[in-house]
Amino acid sequence: MPNENWSKVKEIVDAAIRREPDERAGYLDKACADDADLRCEVESLLSSFGKADGFMESPAADLHRGASKVKLQELPVGQMIGRYEVVRKLGEGGMGAAYLANDDRLGRHVAIKILNKKYERSDANVFRFIREARAASALNHPNILTIHEIDEFEGSHYLVSEFVEGETLREILTKESLELNRIIDITKQIAAALGAAHKARIIHRDIKPENVVVRDDGYVKVLDFGLAKLLPTAASTLSFEGSDEKPNETAKGLILGTVNYMSPEQAQGKTVEERTDVFSLGVVLYEMITGRTPFAGDTMAETFANVINKEPPPIVGFTSGVPDEMERIVAKMLNKDPELRYQTMGDCVADLKNFGSSLEQGLPIARTSDGEGRKTTAISRTTGGRAQATGEPPGIYAKWYKSWPVFAAFAVLLIGTVGVGLYWFRPDVAAQQPQIRSLAVLPLKSLDPNENALGFGIADAVIRRISQTGEMTVRPASSVRRYLTEDIDAITAAKQLTVDAVLEGSVQRVGNRLRIGVNLLKADGTSLWTDSFDIQMTDVFTVQDTISQQVVSRLKVQLTAAKQARLSKRTTSNPVAYEYYTKGIYSYDQRGFGKEAKSQNDATIGLFKKAVEIEPQYALARAKLGEAYTWQCVFIDTDEQEKWCELAEEEIRQAGLLDSQLAETHLAAVWLLFSGYGGYQIEAAAKEVLEAQEIDPSIGHGELADIYIHLGLEDLFQREFERSLEFDPTSEYTKREYMISYVLLNRWDDYLKIKQKYFPNEPILPEYYLAKGDIATAAPLIEKRSDRLLYDLYKTDGKALLLALQGNKKASEDLIPVLLSQIDRRRPDYHHITYEFAQICAINGNVPEAVKWLRETAETGNPSYEMFARDPFLEPIRRSSEFAQLMADLKPQYERYRNEFH
Amino acid sequence: MDDVQKITKLLSSWSHGDVQAREELFPLVYDELHRLAHIYLRRERPGHTLQTTALIHEAYIRLVNHQEGSWDSRARFFAFAAKIMRNILVDHARAKQREKRGGDILKVSFTDLDAKTPEIDLDLLALNEALDRLKGIDDQQVRIVELRYFGGLSLDETADIMKVSRATVARDWNVARAWLHRELTR
Numbered sequence: 001m002p003n004e005n006w007s008k009v010k011e012i013v014d015a016a017i018r019r020e021p022d023e024r025a026g027y028l029d030k031a032c033a034d035d036a037d038l039r040c041e042v043e044s045l046l047s048s049f050g051k052a053d054g055f056m057e058s059p060a061a062d063l064h065r066g067a068s069k070v071k072l073q074e075l076p077v078g079q080m081i082g083r084y085e086v087v088r089k090l091g092e093g094g095m096g097a098a099y100l101a102n103d104d105r106l107g108r109h110v111a112i113k114i115l116n117k118k119y120e121r122s123d124a125n126v127f128r129f130i131r132e133a134r135a136a137s138a139l140n141h142p143n144i145l146t147i148h149e150i151d152e153f154e155g156s157h158y159l160v161s162e163f164v165e166g167e168t169l170r171e172i173l174t175k176e177s178l179e180l181n182r183i184i185d186i187t188k189q190i191a192a193a194l195g196a197a198h199k200a201r202i203i204h205r206d207i208k209p210e211n212v213v214v215r216d217d218g219y220v221k222v223l224d225f226g227l228a229k230l231l232p233t234a235a236s237t238l239s240f241e242g243s244d245e246k247p248n249e250t251a252k253g254l255i256l257g258t259v260n261y262m263s264p265e266q267a268q269g270k271t272v273e274e275r276t277d278v279f280s281l282g283v284v285l286y287e288m289i290t291g292r293t294p295f296a297g298d299t300m301a302e303t304f305a306n307v308i309n310k311e312p313p314p315i316v317g318f319t320s321g322v323p324d325e326m327e328r329i330v331a332k333m334l335n336k337d338p339e340l341r342y343q344t345m346g347d348c349v350a351d352l353k354n355f356g357s358s359l360e361q362g363l364p365i366a367r368t369s370d371g372e373g374r375k376t377t378a379i380s381r382t383t384g385g386r387a388q389a390t391g392e393p394p395g396i397y398a399k400w401y402k403s404w405p406v407f408a409a410f411a412v413l414l415i416g417t418v419g420v421g422l423y424w425f426r427p428d429v430a431a432q433q434p435q436i437r438s439l440a441v442l443p444l445k446s447l448d449p450n451e452n453a454l455g456f457g458i459a460d461a462v463i464r465r466i467s468q469t470g471e472m473t474v475r476p477a478s479s480v481r482r483y484l485t486e487d488i489d490a491i492t493a494a495k496q497l498t499v500d501a502v503l504e505g506s507v508q509r510v511g512n513r514l515r516i517g518v519n520l521l522k523a524d525g526t527s528l529w530t531d532s533f534d535i536q537m538t539d540v541f542t543v544q545d546t547i548s549q550q551v552v553s554r555l556k557v558q559l560t561a562a563k564q565a566r567l568s569k570r571t572t573s574n575p576v577a578y579e580y581y582t583k584g585i586y587s588y589d590q591r592g593f594g595k596e597a598k599s600q601n602d603a604t605i606g607l608f609k610k611a612v613e614i615e616p617q618y619a620l621a622r623a624k625l626g627e628a629y630t631w632q633c634v635f636i637d638t639d640e641q642e643k644w645c646e647l648a649e650e651e652i653r654q655a656g657l658l659d660s661q662l663a664e665t666h667l668a669a670v671w672l673l674f675s676g677y678g679g680y681q682i683e684a685a686a687k688e689v690l691e692a693q694e695i696d697p698s699i700g701h702g703e704l705a706d707i708y709i710h711l712g713l714e715d716l717f718q719r720e721f722e723r724s725l726e727f728d729p730t731s732e733y734t735k736r737e738y739m740i741s742y743v744l745l746n747r748w749d750d751y752l753k754i755k756q757k758y759f760p761n762e763p764i765l766p767e768y769y770l771a772k773g774d775i776a777t778a779a780p781l782i783e784k785r786s787d788r789l790l791y792d793l794y795k796t797d798g799k800a801l802l803l804a805l806q807g808n809k810k811a812s813e814d815l816i817p818v819l820l821s822q823i824d825r826r827r828p829d830y831h832h833i834t835y836e837f838a839q840i841c842a843i844n845g846n847v848p849e850a851v852k853w854l855r856e857t858a859e860t861g862n863p864s865y866e867m868f869a870r871d872p873f874l875e876p877i878r879r880s881s882e883f884a885q886l887m888a889d890l891k892p893q894y895e896r897y898r899n900e901f902h
Numbered sequence: 001m002d003d004v005q006k007i008t009k010l011l012s013s014w015s016h017g018d019v020q021a022r023e024e025l026f027p028l029v030y031d032e033l034h035r036l037a038h039i040y041l042r043r044e045r046p047g048h049t050l051q052t053t054a055l056i057h058e059a060y061i062r063l064v065n066h067q068e069g070s071w072d073s074r075a076r077f078f079a080f081a082a083k084i085m086r087n088i089l090v091d092h093a094r095a096k097q098r099e100k101r102g103g104d105i106l107k108v109s110f111t112d113l114d115a116k117t118p119e120i121d122l123d124l125l126a127l128n129e130a131l132d133r134l135k136g137i138d139d140q141q142v143r144i145v146e147l148r149y150f151g152g153l154s155l156d157e158t159a160d161i162m163k164v165s166r167a168t169v170a171r172d173w174n175v176a177r178a179w180l181h182r183e184l185t186r
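Residue numbers (the numbering used here), protein chains in the order written: chain A, 1 to 902; chain B, 1 to 186.
Next comes chain A alone, as it looks inside the complex:
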């Protein structure tokens, strides 16, 4: 029990923590009265508590996730947010504070905007915000501020975007009046950004001069897509009615400012759509020309009323020399009835463009709709207290027009192939890259975990296609799967996977459409290719083609016609069947061993079956279904082996008939042939792997290594494991299999080497000590084991072996029937257990029994000739005629294997 004093300390500290900091001293005065020691201890603990933010807050075992926790209030210079280092504060807006930060890894400046907590009113709100911002981040347009990432830090969401040096349109408007050419140029750039967003079904909702940044070179960037949804709605802003705040001064003012740019439908709380942005842009255009907003009232209520009911005052009332065409365009944008506005940003841009070029060339204006052309080059304001704009010759901004045909050309190119929304890349980067040999394709991330299978499936398809060309080492799907759920950026992933290049991406489903964004990066962070697609689900295969083709061409891989054909080979054209297939491979990738893994594998089988039911011609789905059945019969449900194996055989046969050139079909047959059901056809199994590798050189190396072990071809198995690790250097699974292989082969020095190399922290297996004759060390370790069969090691607990080595012949051999009763002959580890029986009998000098178990081992799929010849535990029987006969019987077969596979 704690002493009384400590209880008191705890109570006071706890009560003080719950009080506001400025009330604490007063409370402590009372609570501690004049006990100075108590007061001292309490204050010391309170001070520690103040510093203990984040301390021990996540469970100890999760320590290596190691995210530091800090409160996001005012961030000091040098503060790290994720991998970004704060340089300085840029400003505070309605949504929260923005900071300039350094991205050291990519050596660039970024802007970080931290959302004010009050906007995170509900989970739904936050989710919607992230969804919108993510969607906006998939927008790749030169006039849209690029969002690099959205993340959460200490409960607040933040957005990382490109940092643009320039002034907001608001800042520009407060200090100068703009020339008409420039106004048109800026408006066109904003409209182009919005048009691109609208194509991706994203509405800005909050177009105003504060959200437009003009770079020093005239380039326009539109900010804050999708963020407007978080701002208070029209209804809630009405509560500020009567406020006498000046526009754009305070948070309330921000709302007021926003009301000025609202469309009538927004002000009335009606549905917001693309034409809402047309209206708001009209207000901005009007303001650029006249220096005032068209509906501004003295109070917010008046502004609302004006937006809804009042026609904007004619521009000519404020500014002279504005062509009628300009007036017409503005009026059309500001029409109260959305039906009478420009219906798309494209229409609006077309009119602005015609108007702009007529201004430049001094020609009559060509228009998309009715109206009269006028020839004017400058405007001048008559009211508003501003300096008059002068008629500088046009052409200063002409360079910006010139870039447009370039984008248009790319857009046409891509629409030709896949109906792409947007496209943007820098050709100069692609031209000067060194050779790239290895690639990781990360699963496409989605906000909705239910879509993980889709993102994984698309990555899997791209991985299959590219690795089948044999020209590039592509990390297998199993090694990149974890990036779906782990929050690791692409560059770090590239480093972890030790690849030269990495493809990352995102996928969102909206109805039956998919939005896919991809980004191909070199490991140093250089972007090689960025693209986004807004497609029907049915076009998902085309997109897989396009992505694979683009990656290969960006990485300068030369392909022969045959390899080109492999790259673009389609496995199905049915999107529904495909979805079941992707869910199937996602589920199959999580398979395990033994009965406890059955429900997972049942689910996998169900998914592949669904895919095959929907499209019976789907060879790949049939092959994978066959593989899942095989897994079930060999590694999971040996009790019903026959049933599962028959199903597997049939599916594999069907898949082979439908498509003889599928690596997966060959691979699916491997364990089936190797199993007891398949009659331990090890050679045939090996040949299947080799055929699979003919088609896809990246696969099957682990399987082949395992087969070589059982064939007794020990020099070959090492080579296969090394190859397997070349394709996937991060695979814990392969490394462990590699280590266990030496255990199964009783090559203990090699075991120790591999263990120390890959698993230096794991204890040494007691069998190692047994083999080294150190029984004293091994014995207590073996005694401690509680499972008789160590499924994960393909061994027994070693007690019988220990007894034999301790000279306890009877007790050790008595354990054999006990163990045997627990292991089904059909289990895949059976022949390793029988080999242990042989070792035990050999140690005991029981020649007939030892040889009997060796024969059983060889006959049940493990004729490991080289091990039989080498294992020191077999030494006591090695000179017997029975053993010699066994080896003589096995030799021809062994030599055949050697000739065949060397």
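Take these hints with a grain of salt, some might be off.
Claimed, not checked - Residues of chain A placed beyond 10 Å of chain B at every Cβ, according to the derived structure:
#: 1; residue: S44
#: 2; residue: S48
#: 3; residue: A52
#: 4; residue: V87
#: 5; residue: P142
#: 6; residue: E210
#: 7; residue: A296
#: 8; residue: P338
#: 9; residue: D524
#: 10; residue: E640
#: 11; residue: Q661
#: 12; residue: G676
#: 13; residue: E722
#: 14; residue: Q806
#: 15; residue: M867
#: 16; residue: H902
Claimed, not checked - Each pair of labels, with its calculated beta carbon distance range:
#: 17; chain 1: A; residue 1: I775; chain 2: B; residue 2: D156; range: 44 to 52 Å
#: 18; chain 1: B; residue 1: T185; chain 2: A; residue 2: K598; range: 48 to 56 Å
#: 19; chain 1: B; residue 1: D132; chain 2: A; residue 2: D715; range: 49 to 57 Å
By construction, these hints were calculated from the structure, which means they are not laboratory data.
Virtual Cβ for every residue (Gly too), placed ideally from N, Cα, C.
Starting from the known structure of chain A, arrange chain B on it as the hints suggest.
Showing chain B alone in chain A's frame:
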């Protein structure tokens, strides 16, 4: 008698005050937790992280028979498993320290923003020793720290198992964290 029955029986004896049962339980539960941790890695589950609570829940389901395991033995099991997790992780940290390389895995850094101090590494071994000292002052706090920090349990779950109020757990947890932080930064 298989392991599951054995563990159930030992838990029951232990809950009736048999200290020897506790000693016998330890290696069984330790092995099982270790084995599960191993399987988690081997299967290459997404994340590769030891999710403490999941691990202990799974160990519980595997080790303790549902029908026989009363609420009381469940609570005891969790308390026990949390203590074992502490041992596993501290052992691990110790092994890491011996190696003197790659020792970052079981250290966490936290930033003390208010005081603008540089990052401090949480040393599990030092924490372990500090907890032993805290035990001399307040055993209940140590048990709460074990459940929360090593067992990965929430405040509510901890309150449930300790049979005290949530407020008590919150108070003891906060004060223990302050006390431990002070010990570790002395």
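If you test the structure against every hint from before, which numbers come out violated?
Numbers 1, 2 and 3, in rising order.
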